[in-house]
Each structure stands twice: as C-alpha cells, then as structure tokens.
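Trainee: Chain H is fixed; fit chain R onto it per the hints.
As given, the protein sequences belong to chains H and R, one line each in that order.
Each residue of the first sequence is one higher than the one before, starting from 1 at the first, in our numbering.
Each residue of the second sequence is one higher than the one before, starting from 1 at the first, in our numbering.
Zero decoy hints are in this set.
Rough simulated footprint, nothing fancy, chain R against chain H, three-plus residues with beta-carbon under 8 Å:
no., region
1, 57 to 66
2, 113 to 123
3, 137 to 145
4, 160 to 170
5, 179 to 189
Ranges between beta-carbon positions, derived for each pair:
no., chain 1, residue 1, chain 2, residue 2, range
6, R, Gly133, H, Asp206, 47 to 57 Å
7, H, Pro98, R, Val118, 42 to 52 Å
8, R, Tyr69, H, Met147, 16 to 26 Å
9, R, His94, H, Glu164, 24 to 34 Å
10, R, Leu317, H, Ala202, 36 to 46 Å
11, H, Pro98, R, Arg321, 48 to 58 Å
12, H, Pro98, R, Asn179, 32 to 42 Å
13, H, Pro251, R, Glu91, 32 to 42 Å
14, H, Val144, R, Ala172, 45 to 55 Å
15, R, Ala50, H, Met147, 12 to 22 Å
16, R, Leu122, H, Pro98, 37 to 47 Å
17, H, Ser221, R, Ala172, 55 to 65 Å
Hints in this document: simulated from the structure, not taken from any laboratory.
Heads up, the beta-carbon is just placed ideally off N, CA and C, and yes, glycines get one too.
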Amino acid sequence: MSAPTASVTTEPERRPEPAGRRRRGGLTDADGRRVPVWALVVRYLLLLVVLVLTVGPFVWQLSTSLKGSHEDIFSSPPKFLPSHPTLHNYTRVADTIPVWDYAWNSVKVAAANVVTNCVGSALAGYALARMRFKGRKAVSLVFVLAMLVPVEGLIIAQFTTMRELGLNNTLIGVLLPGAISSLNVLLMRNAFLSLPAEVEEAAFMDGANVWQRFLRIALPSVKGTLAVVAIFAFMGSWDDFLWPLIVLSDPSKFTLTIGLNYLHGTFANDERLVAAGTIIAVAPLIALFACLQRYFFSGVGEGAVKG
Amino acid sequence: MSSSTAPGAIGAETRGRTDGPVPRGERPAGRRAGRRIGRNKWFSPWLFAAPGLLVVCAFSLYPFLSTVYNSFTDRRTLIPGHWVGFANYRELWHDDAFWTGLRNSALYVVVVVPALVVLPLLLAMLVQRRIPGIGFFRAAFYTPVVASIVVVGLIWVWLLDDRGLINSLLEALGAGKVNFLGDQWLLLFCAMAVTIWKGLGYYMIVYLAALANVPQELHEAAAMDGAGAIRRFVSVTMPAVRSTMVLVAALSSVAAFKVFSEVYLIAGPNGGPAGEDTTLVMLVERTGTGLSGRVGYASALSVVIFVVVVVLMLLVLRADRKEDA
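Bound-form chain H, shown alone (with noise of 0.2 Å):
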C-alpha cells in the first residue's frame, strides 16, 4: 500500500463528487454515497456525546467564572447556568494577580517564537531543499538528530546553560531554546523539495539570484506549510509549561500558564478566579484556533503535518 498510487486513485476521482451530487439532497453525504437515516441518527447522536465530553468541560469552566461570589458553586445537582452572570471575577484575578502582564509576557514570547521558527526553518528548509553544498547532508542529520532528543531530558543542561549565559529568568531564556525547532526545518525542507524546480530554473536563467528566487518564487508556494509551522509556534509557546517553570522565578517575569499555576496555588479556595483566569488564557488560543482551522485542517490533509 504505497501512498503514490493511493493518492492517484482516489484524488482525482473524489474531488468533482461532492459538488455534483450533494445537491441533490437529503440523504447521501458529501461523498455523494448514500446514508441511512438510522446511520446518520447514530452517528449525530455518538458526535453529540464526544462534545459533551470534549468541549462541556470548557463550557462549565465559563459557567464558574460567570458565577458571583454569592452564588453556590457548589450545589448539587449542578447548576449549569449562572443565576446572575458577571464579569466581577476577571476584574478580580486582574487585582489578585498581574494577569495582564503574564497574558503580554506571554504574546511577547509566542509572537518572537513565531517569527523566529517561520524565518529560521524557512531558511534553513530552503539551503537543505534547495541548495547544493559540501557538508548539506551532515546540517540535515543534526537537524534530524536534534528532533529526536527528548526535549524533556534537556532541560537541566539548558537550565545550566541560561544560567552562564545569564539569562535566566528572562523571556529571551524562555524563547531561545524552541526559537527555531528542527521540526519545523525539515517541515519546510519537506514544503521546498515538494514544489517543481523547473520554475526556479526559469528563474536562474533570467538571472535571479537566490535571494530573489527564495523571497520571490519558493516562499510563496509554502505558503500554507509556513501557517501550520507558525500555527505550531504560537501554539507550544503559548502552551509552554515545564520550561518556563524552570527558566523563570521572579514573578514579575512570568507567562500566563505559570502565572495560572501560582494564582491556583495561592487562591486554591476560589474556584471562580482560578476558572476566569484559565478563561483569560484559553479564549485567546481558541478565537484564533477558529479563525484559522480552514487553514489548519487542510494543511493537515496534505500530509504536512506528521508527527
């Protein structure tokens, strides 16, 4: 089972399908095949259980952030819905803790981690793809090798290595060690090797150099490889927990997600902050993650994204 020939069989004849068939109506899918109306009943019905498991827990999250101080969080059986809502809790974390200043540490780190892994893996990704040179395979197994050391074995030594570098305790010390990940590289060398070379030599022969060749031609067709890279960027710097509990001790200097785990750990006996803080931080992720899961899942489909 090669994946050539299943591309070739299946690509070319499932694509004009949906647009053909799904108009005429009820009941086949998308695929223009033909589904029970039991099937479908079942299915909506098992798709409804997963949300209520994957997203009800986010859903009361909110509904304990919107609950005033004299409402029982409490009750039993639940209350779903908060009698009174109000916003009084976030106004709170934000006197209890410096939750706007973690939340712009936090946009400060994952910004610079985004440009500095589009730019980085871009550019390395180009010279492994595209450019001839003493020593290409050599770059390409130290990229392949630093993927496949555990990040979480590192820690220490790069513990150790911020502190001579004395950056500890700073967001460049958090941003350095993921700033450009050999993940990405290889995602874009992938990206670069994928796109025909005879455009780029149409080029070179009208005399483009390989600044403009890589700015003008190949960049622009990696496009939506270079959006899954700085998806996954801002993504697992945003996300980040274990490096910057590590890096960072001053409390004026911390992220959001470290910041959380100290307003947990101080205010452990009012659920309503905690849960408007995790709000704080999650809204954020999931308000973009909508915004550009077009992009995503069909960057996913392409088979970009393994691993």
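Mentor: The following block gives chain R in isolation, referenced to the frame of chain H:
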C-alpha cells in the same frame, strides 16, 4: 508510515529527487540546470542554514552532550563538580524515588498508549464522513489539543474536586462521592484520563489524514461482495492505517513516558501523597533545578530517560518491520 503520507511529508524527498524535475526525456538539460543552480557562492547556503544550526546546536546538541558528561560528575547548580564515574547511576539504582518514578512513567505508557492508538481511530471514523456540520465537530473535538495543558489541568482539578462537577453529578445520581484527588492510584489514573482526553483530537487528525488515503473503491468493492461494516474495517481500513497506528504508538508512548505537566498539575508539585505519583521528568525537575539543584544526579536521570525513549522507539519500529516481513 507511507500509506498516510501525502506529498510533502518525510519521504517525499526521494520522490521529488528522482521523478520530480525530470520531464519527458529532458533529463540531461534539467540536470545541468539543476547543477548550475546548485553552484551558489560557497557561503550563501551556510548563511541560510546558520540561524537554525546555531539554535539547534546551542540548545539541543550541546545540552545533550553536556547532560551525558554531567551525569558522570557531582556538579551542582553553583558548584562545578568533579568526575565521579558511575556514582550517580549507582545511587539511582538504590534510590526509591527513582523506582517510583520509573514505575509511574512505565504505567503511564501501558495505560495511555493503547487508548490513544484505538480511541482516536474510532473518533476519526466517526468524523470522516462529510455530513452537514462535520467541520464544526472536528474543530470542537480538537479544542482540548488547542487549550494549554495548564488550563486543562486546572479545569480537571476543578471537575474532580471533592465538591466539583463530577462528584455532584455522582451524588445527584445517588452514588457516593469519590475522593479522586486524595488517593495515590486514583490521582495517577485521573492524570492518565486527562492525557488521553487531551490527546484524542491530535491523533484523530493524524488518522483522518491516513483514512483519506484509503481508496474508496476498495470499500465499495468489498461492500458489493457482501462484506459488512466490521469485515470492511478489518480487511480494508485496518491494513491501510496499520502503519499510522504504529506511528501513533511510537509518538504516544514516548510522550507518555515523558509525562510531566498533567501529573504535576493534578497531583501537585510534590507528586501526590508521599510523592508516590512522581514521574521521572518530575523527578528531574525537582532534583536538578533551583540554586541547590543536583545537576549531576538529575543528568544521570535524564540519560536514563534518553535511553528508555530510544528503546521504546526501536521496539515500536521493530514491531512494525516484523509485521511487514
């Protein structure tokens, strides 16, 4: 690995190189052009690769080598330390905390991996058919992956709390309360459940990509021949996604062995009652960091983690090859 691989994934490289730039009999010309394009100024490829190489060498390869070296020293955070040979490893052997950590991390693999190999596949088959609204469900099922692990941990601590949602539901149903966050084993299994819950969506996507490559005609042909849904699953779907299952097993077993955040957040920084829920990475974090951190000892622990991870990968990949042959 290849059945799920559309163009662009690892392995596409060879395809691109052999048949990509060679259109109908123009091989010599194409090749010459390729070679001329390849002849850059000697420094420009290095200029392109430099930032990535620098970061990867400084923060992956150098730390790896220094971890191995440090594991043979008694280095502490503020004290350089001396060569002590295998003393750290001997101490590990007699350290109860190490065996507790190894037990918990191994148990994590044993429980989490089968669940993450099977459940996301079922989920992927559930969301595979493009019925109305399926995009919403796919995105919604992915939300736990998107949410950061700290948020997920805090949400579940609240759900599992003595007076939290799950217990009040249990009470309302007439069942008794369960002290999820007080018992050593329940704590660990709750952390595992959270890991599975958070991983479902991620591996669902991996399987969706694999399922998209299963030729539809095979299904239809099998259906014509009278094969039922289960038969079609076993004879058509399973063989097609088998290599993806191996990939998922490899990825999830390595991830499960290195678990930190879930257990740290649910069992607390000290790893539950009497530290009985500590995992290996938690132990590394606890012994190796801070101003009095035992860098040498924690490095020896890290080396053990490296070795186990490599062995896990080899085992899984070998299982793959055996079935191929």
